[in-house]
Amino acid sequence: MTSLPRQTDGGRRKKLGLVIDLDICVGCHACAVNCKEWNDGGHSAPLTDQEPYGKDVSGVWFNRIHSYECGDGPTSRTVHFPKSCLHCETPACVTVCPTGASYKREEDGIVLVNADTCIGCKLCSWACPYGAREYDQSDGVMKKCTLCIDRIYNENLEEVDRVPACVSTCPVSARHFGDLGDPDSDVSHLVTERGGFDLMAELGYQPVNKYLPPRPRKDKSGATGTGDALTPLAELAAAGSDSAAGAKGFLGWVDRMLSA
Amino acid sequence: MHPAYSVIFFTTASGTGYGLLGLLGILVASGHLPADPVLGLVGLGLAMALITGGLLSSMAHLGHPERFLRALTQWRSSWLSREGVASILTYGPLAWLGIGWVFFADAPEAWRLAGPIAAVLCLITVWCTGMIYASLPTVPQWHTVRTNWAYVALAVAGGALLLNVLRLPWAPFEPLFAIMAIVGLALGWMAKESYWRHADSGTGRITAESATGLGALGKVRLFESPHTQSSYLMQEMGYRLARRHATRLRTLVRVLLFAVPAILVVVAALFANAASGAADRAPGLDQAAAQQRSAALELVATAQTKEEEDRAALAVVMADAAESAAAAEHASAANLRMLGIIAALLALFPAGLGLIVERWLFFAEAKHVVTLYYGAERA
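Chains as they are written, first to last, in my numbering: chain A, 13 to 272; chain B, 5 to 383.
Hints were generated in silico from the structure; no laboratory data involved. Hints may be right or wrong, so weigh each one.
[Unchecked claim] Result set (SDA-like, lysine to any residue): computed pairs, CA atoms no more than 25 Å apart in a straight line:
no., chain 1, residue 1, chain 2, residue 2
1, A, Lys134, B, Gly57
2, A, Lys67, B, Arg244
3, A, Lys48, B, Thr232
[To be verified] Footprint (simulated), chain B over chain A, 3 or more residues, beta carbon under 8 Å:
no., segment
4, 91-100
5, 137-145
6, 175-184
For glycine and all other residues, C-beta sits at the position ideal for the given N, C-alpha and C.
Construct all of the structure, not just a fragment, from the sequences and the given hints.
Below, the structure written as structure tokens:
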């Protein structure tokens with residue numbers, strides 16, 4: 013059924029999702045690689061590739077890392093930007109589905125596709141603003157991030173491993189997994205403290221996954237945690253042409269020769 | 005957006021088929037079309053072929069066409085499902101109308117009601133087709149009711165153009181059909197211009213800054229793509245079309261789909277009008293020629309003197325001239341009628357080609373907001 017689960021007033025619903033820290037991500041693509049590896053044998057398997065050893069390689073990936081340059085000049089910065097399904101609260105990919113193959117789980121809000129009933133019309137991929145839907149050209153069905161549903165509920169795994177593959181593998185802990193429907197969860201605290209935001213909020217899809225903005229830039233030596241002793245050196249360097257005045261020895265000779 | 009040939013064929017062929025079916029239904033119910041079995045068979049057969057051909061073609065773009073029946077289940081939330089249900093419901097009154105028109109032409113009161121019902125279902129189906137696109141805020145160009153109006157108006161225009169040809173054997177000149185075709189084309193043109201104005205100006209609200217949420221840091225530019233090779237997303241949503249081609253193709257649509265067919269419909273109507281004038285005059289001339297001939301024959305039979313023989317010979321010559329004038333009027337009526345038929349038929353070709361270009365452009369020009377993650381600045 014492609015209608016959305018009814019909103020229960022008062023009663024809090026579980027909303028499993030990710031919080032991605034854009035301040036920390038280094039763009040190493042490990043999350044994307046581990047996602048591909050895990051899901052190639054999991055719930056939506058296989059994630060097929062076209063021409064894997066040919067000239068035009070393409071295939072199914074649930075997680076992709078874009079890198080953006082923001083701002084201009086000395087204050088510009090590079091932001092690495094991982095993107096997978098945001099498991100929206102009002103996902104149009106679910107409501108546009110003509111077959112009921114696409115659905116949002118009432119119990120935890122995870123958005124899934126039933127590959128046995130999907131007809132491969134691709135409309136859900138058109139309805140998703142985030143590009144989270146991946147059409148499998150070999151299987152003729154739509155696939156997508158399952159939030160590693162076969163890991164997070166897997167009692168055969170150690171409890172510490174019951175997180176999505178992307179979260180478990182991130183070498184810098186830029187990704188966090190938890191219940192965003194619970195205001196007291198760690199992920200909810202992170203969102204509150206760091207000003208977590210929605211992507212393309214104006215479209216009203218209400219993504220569950222949140223992004224934490226890069227922290228403010230630290231321009232002064234003190235702000236970076238280094239000792240104040242470095243500041244005079246920086247001032248000396250900034251002083252320019254006079255910095256070599258009074259130098260002795262070989263450099264002093266070079267300075268005198270060049271100044272003459 | 006990637007213009008899939010199966011979807012282009014589906015929306016153009018089925019749309020025209022529904023336009024034709026709806027107009028046939030309304031016009032036979034209102035008594036503007038004869039309850040003739042051949043017209044019912046040809047007209048409704050053509051409508052059904054277009055509709056069914058289009059629906060089958062739409063299945064060609066599915067990953068699993070054999071599961072298509074499942075697509076009828078989610079009518080509560082999905083416009084695609086609603087369109088599927090409506091398209092299949094339309095076969096009901098279509099069959100009722102077809103059986104009645106072809107086999108029970110002499111008892112039209114039993115099946116005429118199917119006409120308006122078919123027309124309403126045709127309108128609902130085409131509206132649903134438009135809604136599949138208009139309901140997507142992810143493609144700002146499509147996200148407008150102008151999309152629906154363009155789909156409906158072009159379905160009516162296509163149906164009216166076909167009908168303008170189909171009714172020719174039954175009604176050589178009937179201004180109503182030419183007027184309907186012209187009005188349909190005019191509505192289609194207006195709807196399309198309005199859509200294009202929206203597509204050019206009403207978008208660009210969503211930016212790379214809001215897509216990434218990084219606007220506070222300044223202008224956002226793609227530094228590195230997430231993959232070195234193409235992907236499904238880039239093939240499906242990142243269709244590229246040079247702006248100058250779009251402008252030329254729109255001009256082509258204006259000429260092929262609207263202007264040339266409209267001119268040909270008017271030319272066809274003028275020929276048909278002249279033909280029916282000639283056909284009206286011909287019987288009078290026939291009669292006059294016959295009278296002259298009998299008078300001449302009488303003179304020939306009763307001629308006694310040389311003078312009377314001369315007068316009889318002159319009467320024979322005049323009778324011959326009157327007969328050839330009548331024959332010329334008959335020939336001119338036939339020729340004009342043929343020219344009218346040719347002009348009406350010719351209108352279909354540029355219109356069909358223009359409609360395909362229009363639909364290709366509808367897809368190719370539309371930009372999905374996911375392109376914002378791949379370097380587009382606005383969508």
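Do the hints match the structure? See the list:
1. A hinted pair counts as satisfied when its Cα atoms are at most 25 Å apart, and A/Lys134 with B/Gly57 qualifies at roughly 21 Å.
2. Of the pairs offered as hints, the one joining A/Lys67 and B/Arg244 holds, with about 21 Å between alpha carbons and a cut-off of 25 Å not exceeded.
3. As the CA atoms of A/Lys48 and B/Thr232 are separated by approximately 16 Å, the hinted pair is consistent with the 25 Å bound.
4. Evaluation of the coverage hint for the segment 91-100 of chain A: fulfilled, as 3 residues show C-beta separations to chain B shorter than 8 Å, against a requirement of three.
5. As drawn, the segment 137-145 of chain A meets chain B at 7 residues by the rule of a beta-carbon pair under 8 Å; at three or more, the given contact holds.
6. Residue count for the segment 175-184 of chain A with a Cβ under 8 Å from a Cβ of chain B: 0. That is fewer than the three needed, and the coverage hint is violated.
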